[in-house]
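Modelling step: build the complete structure from the supplied sequences, incorporating the hints.
In case it helps, numbering that gives the first Met the number 0 puts the sequence shown at residues 0 to 134.
It is worth saying that the hints were derived from the structure and are not from the lab. It cannot be assumed that every hint is accurate.
To be verified - Calculated cross-link-like contacts (lysine to aspartate or glutamate; reagent style DMTMM-like; alpha-carbon spacing at most 25 angstroms): (1) K32 - E132; (2) K32 - E6; (3) K51 - E41; (4) K32 - E117; (5) K32 - E50; (6) K32 - E122; (7) K32 - E21; (8) K32 - E68; (9) K51 - E6; (10) K32 - D43; (11) K32 - D128.
As the list claims (entries may be wrong) - Across the chosen pairs, the derived CB separations fall in these ranges: (12) G35 - V76: 15 to 23 angstroms; (13) E117 - G63: 30 to 38 angstroms; (14) E50 - P114: 42 to 50 angstroms.
Note that CB positions come from ideal geometry on N, CA and C, so glycine has one too.
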Amino acid sequence: MRRRPVESIEYGVGRYLDQPYETALPHVVEALKTEGFGVVTEIDVRETMREKLGVDVTPHTILGACNPELAHAALQVEPDLGVLLPCNVVVYATPRGTRVTAVNAGAMLGMVGNPALERIAAEVGRRLDRVLESL
Numbered sequence: 000m001r002r003r004p005v006e007s008i009e010y011g012v013g014r015y016l017d018q019p020y021e022t023a024l025p026h027v028v029e030a031l032k033t034e035g036f037g038v039v040t041e042i043d044v045r046e047t048m049r050e051k052l053g054v055d056v057t058p059h060t061i062l063g064a065c066n067p068e069l070a071h072a073a074l075q076v077e078p079d080l081g082v083l084l085p086c087n088v089v090v091y092a093t094p095r096g097t098r099v100t101a102v103n104a105g106a107m108l109g110m111v112g113n114p115a116l117e118r119i120a121a122e123v124g125r126r127l128d129r130v131l132e133s134l
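Shown next as structure tokens:
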């Protein structure tokens with residue numbers, strides 16, 4: 000299986016995987032766990048769109064990933080930060096296989112404007128980068 004590069008976008012970082020969605024999704028969850036993230040929410044976008052709108056879309060899941068220690072540290076610095084948590088990671092089927100994209104923690108936490116969050120955002124970013132690199 001050929002490894003595809005990690006790609007940055009303004010609000011996230013992601014990569015394409017040469018494997019089907021059904022195989023990729025549990026691998027992403029395990030990679031998150033390895034880096035200390037628990038999956039606290041899992042939204043099946045396909046099922047939600049089917050139920051609410053009667054439309055069929057490709058398999059697509061939004062995982063809400065949370066590292067308790069880093070979340071606690073961030074909330075101690077900025078109590079209202081919960082509006083930006085957890086860190087979302089999307090996994091969806093494409094004609095090329097599967098796309099996995101994680102939020103850019105630096106961009107997300109940077110909008111808060113609190114320099115005390117920079118170290119935490121950098122650590123979250125490093126961990127999410129390792130998740131993607133491991134896939």
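What are the numbers of the hints that this structure violates, sorted from low to high? Failing hints, ascending: 5, 9 and 13.
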